[in-house]
Amino acid sequence: SAVISQKPSRDICQRGTSLTIQCQVDSQVTMMFWYRQQPGQSLTLIATANQGSEATYESGFVIDKFPISRPNLTFSTLTVSNMSPEDSSIYLCSVEKGGTQYFGPGTRLLVL
Amino acid sequence: GKSLEQPSEVTAVEGAIVQINCTYQTSGFYGLSWYQQHDGGAPTFLSYNALDGLEETGRFSSFLSRSDSYGYLLLQELQMKDSASYFCAVRSATNKLIFGTGTLLAVQP
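The listed protein sequences derive, respectively, from chains W and S.
Counting along the first sequence from 1, when you hit position 106 you're at 106 in the working numbering, and nothing is skipped either side.
Counting along the second sequence from 1, when you hit position 92 you're at 92 in the working numbering, and nothing is skipped either side.
One or more hints might be untrue.
As the list claims (entries may be wrong) - Have a look at the derived ranges for each label pair, beta carbon to beta carbon:
no., chain 1, residue 1, chain 2, residue 2, range
1, W, G60, S, V13, 21 to 31 Å
2, W, G60, S, N95, 15 to 25 Å
3, S, K2, W, S88, 42 to 52 Å
4, S, E9, W, S53, 38 to 48 Å
What the hints assert, rightly or not - List of simulated lysine-lysine pairs, DSSO-like, C-alpha gap at most 30 Å:
no., chain 1, residue 1, chain 2, residue 2
5, W, K65, S, K81
6, W, K97, S, K81
7, W, K7, W, K97
8, W, K65, S, K2
9, W, K65, W, K7
10, W, K97, S, K2
11, W, K65, W, K97
Keep in mind the hints are simulated off the structure, nothing from the lab.
Just so it is clear, CB atoms sit at the ideal spot from N, CA and C, and this is done for glycine as well.
Working from the sequences, and respecting the hints, build out all of it.
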């Protein structure tokens, strides 16, 4: 299994600012994923973060808005840039290990 | 592209059996997973089908028919704690998960 922690657990931010979310895993993993879950909705994949290479973004998500870092095999960050109220959501980190995908507790973001 | 459809809500009583369906349209398919998410919590893995047929894990079972692009999650002996959202998800060749629309299960006494 994999135990994942995220920081911060929640935040309230002003529009136009940026927030960086941290994801820490208790073991080395090759692939880390970032998802967004808007209130009452399903999970939408933002990007795949692999150590040593640039993140791969899904349709509708761009690096300028959601820059990602993956400095090592246990850590990743997602930045939500130039935020607007539409970015209010839960952001979840996920890893694949042993054929199963595990999720972090999420970061609840409210943009005013 | 990919789309996965689920019923939005299902209601059942304690002790009953409930089936949550998932139909999918994907350009690549490497298995169907099921996740449970309690309100405010992280999604947790329940079951995975790579091949056609039924997989059983305790009170939960999952079925897949690749020819019909269809699967379901079966929950038996329902308990109040089973009230949650349930998501099917298709795995791609690169291990990405694309999630379904989600089903909110309400278990009543």
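Going down the list of hints, with the structure as the test:
Judged by the Cβ atoms, the range 21 to 31 Å given for G60 (chain W) and V13 (chain S) is violated: they are separated by roughly 40 Å. Judged by the Cβ atoms, the range 15 to 25 Å given for G60 (chain W) and N95 (chain S) holds: they are separated by roughly 20 Å. The hinted range of 42 to 52 Å is not satisfied by K2 (chain S) and S88 (chain W), whose Cβ atoms lie roughly 25 Å apart. The hinted range of 38 to 48 Å is satisfied by E9 (chain S) and S53 (chain W), whose Cβ atoms lie roughly 41 Å apart.
Only pairs whose Cα atoms come within 30 Å are accepted, and K65 (chain W) paired with K81 (chain S) is rejected, the gap being roughly 38 Å. The straight-line distance between the Cα atoms of K97 (chain W) and K81 (chain S) is roughly 27 Å, inside the 30 Å bound, and the hint therefore holds. Between K7 (chain W) and K97 (chain W), the direct Cα distance comes to roughly 21 Å. Compliance with the 30 Å bound is thereby established for this hinted pair. Taken as a hint, the K65 (chain W) and K2 (chain S) pair is honoured in the structure, with Cα atoms around 23 Å apart against an allowance of 30 Å.
For a cut-off of 30 Å, the pair hint linking K65 (chain W) to K7 (chain W) stands: about 19 Å separates their Cα positions. Among the hinted pairs, K97 (chain W) with K2 (chain S) is consistent with the structure: their alpha-carbon atoms are about 23 Å apart, no more than 30 Å. Note on K65 (chain W) and K97 (chain W): the hinted pairing holds, with a Cα-Cα distance of about 28 Å set against a maximum of 30 Å.
Violated hints, listed in ascending order, are 1, 3, 5; each of the other numbered hints is respected by the structure.
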